[in-house]
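Peer 1: Protein chains in written order, with the working numbering: chain A, -15 to 315; chain B, -15 to 315; chain C, -15 to 315.
Hints should not be assumed to be uniformly reliable.
It does not matter which identical chain is meant; a pair holds if it fits inside one copy or across any two.
Subject to a maximum C-alpha distance of 35 Å in a straight line, what follows is the list of computed DSBU-like cross-link-like pairs (lysine-lysine) [claimed, not checked]:
no.: 1; residue 1: K217; residue 2: K282
no.: 2; residue 1: K287; residue 2: K56
no.: 3; residue 1: K315; residue 2: K304
no.: 4; residue 1: K282; residue 2: K311
no.: 5; residue 1: K96; residue 2: K304
no.: 6; residue 1: K38; residue 2: K96
no.: 7; residue 1: K281; residue 2: K62
no.: 8; residue 1: K304; residue 2: K282
no.: 9; residue 1: K281; residue 2: K315
no.: 10; residue 1: K314; residue 2: K55
no.: 11; residue 1: K96; residue 2: K311
Rather than coming from a laboratory, the hints here were simulated on the basis of the structure.
Since we're looking at a predicted model, the values are computed, not measured.
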Amino acid sequence: MLHPIAEIAKEIDARLVGDGAVQVGGIASPQGATEQDLVFAEDPALLAAAVKSKAAAIITSEAAATDAKTKKPLLIAKQPRIAFARAARIISPPRRQAAGVHSTAIVHHSAKLGQHVSIGPNAVIGEDTVIGDRTRIGPGCTIGSEVVIGRECYIRNTVTMYSRTRVGDRVSVHSGTVLGSDGFGYVRNVTTGRYEQFPQVGLLIIGDDVEIGANVTIDRGALDATVIGNGTKIDNLVHIGHNVQIGENVIIAAQTGISGSSVIANNVILGGQVGIADHVRLEEGVIMGAQSGVPTKKVVRGKGIVFWGTPARPLRAYLKELAVLAKLAKK
Amino acid sequence: MLHPIAEIAKEIDARLVGDGAVQVGGIASPQGATEQDLVFAEDPALLAAAVKSKAAAIITSEAAATDAKTKKPLLIAKQPRIAFARAARIISPPRRQAAGVHSTAIVHHSAKLGQHVSIGPNAVIGEDTVIGDRTRIGPGCTIGSEVVIGRECYIRNTVTMYSRTRVGDRVSVHSGTVLGSDGFGYVRNVTTGRYEQFPQVGLLIIGDDVEIGANVTIDRGALDATVIGNGTKIDNLVHIGHNVQIGENVIIAAQTGISGSSVIANNVILGGQVGIADHVRLEEGVIMGAQSGVPTKKVVRGKGIVFWGTPARPLRAYLKELAVLAKLAKK
Amino acid sequence: MLHPIAEIAKEIDARLVGDGAVQVGGIASPQGATEQDLVFAEDPALLAAAVKSKAAAIITSEAAATDAKTKKPLLIAKQPRIAFARAARIISPPRRQAAGVHSTAIVHHSAKLGQHVSIGPNAVIGEDTVIGDRTRIGPGCTIGSEVVIGRECYIRNTVTMYSRTRVGDRVSVHSGTVLGSDGFGYVRNVTTGRYEQFPQVGLLIIGDDVEIGANVTIDRGALDATVIGNGTKIDNLVHIGHNVQIGENVIIAAQTGISGSSVIANNVILGGQVGIADHVRLEEGVIMGAQSGVPTKKVVRGKGIVFWGTPARPLRAYLKELAVLAKLAKK
Chain A
-15 MLHPIAEIAK EIDARLVGDG AVQVGGIASP QGATEQDLVF AEDPALLAAA
35 VKSKAAAIIT SEAAATDAKT KKPLLIAKQP RIAFARAARI ISPPRRQAAG
85 VHSTAIVHHS AKLGQHVSIG PNAVIGEDTV IGDRTRIGPG CTIGSEVVIG
135 RECYIRNTVT MYSRTRVGDR VSVHSGTVLG SDGFGYVRNV TTGRYEQFPQ
185 VGLLIIGDDV EIGANVTIDR GALDATVIGN GTKIDNLVHI GHNVQIGENV
235 IIAAQTGISG SSVIANNVIL GGQVGIADHV RLEEGVIMGA QSGVPTKKVV
285 RGKGIVFWGT PARPLRAYLK ELAVLAKLAK K
Chain B
-15 MLHPIAEIAK EIDARLVGDG AVQVGGIASP QGATEQDLVF AEDPALLAAA
35 VKSKAAAIIT SEAAATDAKT KKPLLIAKQP RIAFARAARI ISPPRRQAAG
85 VHSTAIVHHS AKLGQHVSIG PNAVIGEDTV IGDRTRIGPG CTIGSEVVIG
135 RECYIRNTVT MYSRTRVGDR VSVHSGTVLG SDGFGYVRNV TTGRYEQFPQ
185 VGLLIIGDDV EIGANVTIDR GALDATVIGN GTKIDNLVHI GHNVQIGENV
235 IIAAQTGISG SSVIANNVIL GGQVGIADHV RLEEGVIMGA QSGVPTKKVV
285 RGKGIVFWGT PARPLRAYLK ELAVLAKLAK K
Chain C
-15 MLHPIAEIAK EIDARLVGDG AVQVGGIASP QGATEQDLVF AEDPALLAAA
35 VKSKAAAIIT SEAAATDAKT KKPLLIAKQP RIAFARAARI ISPPRRQAAG
85 VHSTAIVHHS AKLGQHVSIG PNAVIGEDTV IGDRTRIGPG CTIGSEVVIG
135 RECYIRNTVT MYSRTRVGDR VSVHSGTVLG SDGFGYVRNV TTGRYEQFPQ
185 VGLLIIGDDV EIGANVTIDR GALDATVIGN GTKIDNLVHI GHNVQIGENV
235 IIAAQTGISG SSVIANNVIL GGQVGIADHV RLEEGVIMGA QSGVPTKKVV
285 RGKGIVFWGT PARPLRAYLK ELAVLAKLAK K
């Protein structure tokens, strides 16, 4: 479907320079663009490339556009990436699974499905589970009993939710992810020398607008709850242990692991393969570099400060240590 | 269901102080407890909090109970956590999938199912596979041919077992876990410069009382077997390569990886994100700190000794190195 | 089925010394061999063990065979491991899922299946998807719309492919792997302080002869494509981010992660748990030791050179640093 660029400009709150009648039907990068594509370019160099591309129109910034000479329509936005993301949702909305329950899905008679819910082939929905309006559950998902899923969620293929998991509104979960599994809590019996499982019967509570990647594992609480705050984004293959408390708008990159009972405050950013031991506290706005590690019970403070290494220290100090060591080794 | 606390005390071999007629119907933490919950408190501070909570009764230790003043019944146990875990199994047993084969499960006619076996929706059970009494197989599991699973196992959702995998009794496997996949064994053909797969046709043998987390991968042996010993506990997203031999009562925390042909002796503890290269030997009782790494063919010895860093060295030595380096960098 | 060893020798292009009428029916290691098994032994010590074993015949090298005294037939090959792998494919071919679409599979009427394709129980195949001749799709797989899979692929159980994923010929994918999920691309909206998803609508293109382990995640490109070159082998629990370009014959060991837009040239070898940040470039033939890390935008060069540590440096330099530090700490 084609959209006049003037209409897109209006929807995304951008200032249009050029011919508003030009039509766009897709989004692309400059190098991949066809004559019907909308592209974006944040700085003058990228804008020059976009101008030379086949693209129909360009989303850009005020600064980049100042000296630009082109007949292509420019959509000048305060936040070009945000504007481009919004344009993309208008121009190429994702192909939707049709609403309704697939004939092969197995939905317990006591489950409550909202309006326009979609349940894919071979999905299994347990006893007393509640699913909100317009939520989509993909093929092969297995959703346990007494689960509550909010509205407009998009649960992809083969996602597992254990019983009593609670998920907010507009949550996205990618394939293979397991939510609400038992925490890794064992007690060594000093008489037998064998490990026995400590009860893992708490909840997993996931807020609104949370997005979770593929093959992630998030354990339920032992007695209380594991909590993921609103707006937090979690990449592939991340592990979150039992009783962990994660705040709002936290970013967790791939393969990071957070051990039991740790607290990650709002707006923390965790790079990839970070390891957070148990009972750690990361205060608001801390940034952990990739592969860094925080030992048990440590508290890490400093909004906007980057930490690196294991045990994690401020980036500046860590880089100095690396430099000193390299110098010594060269003698 | 409610249980008189005197009955629980008897079952878990605890000494009761207080009114044995008090009834409990659930377990909880002190902060989450209702008037019908049983809680536990190992030390005087936790006991003080438990006494102030709404809880009906408290499992505690002799030492903590000495000076306690409370009307709540106390159950005094030698190992309060073990006692609490046992009480939990009596008070809130997990909701059981009903025995029987779900109408949508696909069980090969040659498969042999024991007494009271439960096979969930859409599970697939292969040719000549044998499943022991009271074992539960969750929805969406795909169990290959000639697999042998013991008694009272609890295999959650969407678990894959490749053909000829052997699993002992009372084994728990969480969702998304893959058992018996091909090892990562390739040979570079010097003529073509391309990699060819070395045969990966051995077995995977898992002992009794093993517990395996979610989205774990354990490869089968190449020609011989990968072996996981009795009582070993494996957390989420762990990788175990081909021909690895793991002993009894080994603890492996999340996201740890063990490469091909390594040997992990009894009672070893591996923290999270530990990396063990191939052909390594960890002797009995070694403790590897989180994110530590052991290079190829190394032998690590020392019962109860903690190792840290990559390459892993005794914790004491490693901490001294860190201190020396930090001091140099401050000059 | 039994095969005369003379026939095997001919098929694998090995020189036969001894009785060609001896029959073999399986492959094994020397310690596990029965009287009908073929084993391999690359060096004199292994050959001595193989000679003492019960094995029927031995694949070995010219050098190892020179002084060997045995009545067992020897198959002398230039590349004994390659020869053994080929013999294995003749002697014990994997048990094949029968061709045809299982009655419980859900194949969209617009999907195009080649000759002798096998679709397992409960597999779901989407709209306009194309599957090449002799490709096998295992039970529980969910293959999206407009996916293209080549010929002779072996897709195991519960594999997810998102829409428009493209897979070459002779590709092997193990269970639980997710191909084509959304990349981890978010933009912070400076007005609201919240993260919004950047479009993740590109492709995932996988070449020929690629082998992918279990529970791997490979994201699609944001606007362009994520690309995996021919002959590349990927171990379990690996993460590959959006827009990553991986060359040919690359080896990626378990739990390694590669962030968005990085380029891994041909013949690179990545050990286990390696972390590659975004926009990194690893040039041809670089070898990254296990757990090493490369920070954002770095270029690493050096065919056959091993790098270790985080940030990764040449192995020689890194080992010297470790030695210097250990020495200082001992003072």
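Peer 1: Would you mind marking each hint as holding or not holding in the structure?
Peer 2: For each hint, the structure was consulted:
{"no.": "1", "hint": "K217 / K282", "verdict": "both (24 Å within a copy, 26 Å between copies)"}
{"no.": "2", "hint": "K287 / K56", "verdict": "neither (42 Å within a copy, 45 Å between copies)"}
{"no.": "3", "hint": "K315 / K304", "verdict": "both (17 Å within a copy, 10 Å between copies)"}
{"no.": "4", "hint": "K282 / K311", "verdict": "both (30 Å within a copy, 21 Å between copies)"}
{"no.": "5", "hint": "K96 / K304", "verdict": "neither (59 Å within a copy, 60 Å between copies)"}
{"no.": "6", "hint": "K38 / K96", "verdict": "between (50 Å within a copy, 33 Å between copies)"}
{"no.": "7", "hint": "K281 / K62", "verdict": "between (42 Å within a copy, 27 Å between copies)"}
{"no.": "8", "hint": "K304 / K282", "verdict": "both (22 Å within a copy, 19 Å between copies)"}
{"no.": "9", "hint": "K281 / K315", "verdict": "between (38 Å within a copy, 29 Å between copies)"}
{"no.": "10", "hint": "K314 / K55", "verdict": "neither (57 Å within a copy, 58 Å between copies)"}
{"no.": "11", "hint": "K96 / K311", "verdict": "neither (66 Å within a copy, 63 Å between copies)"}
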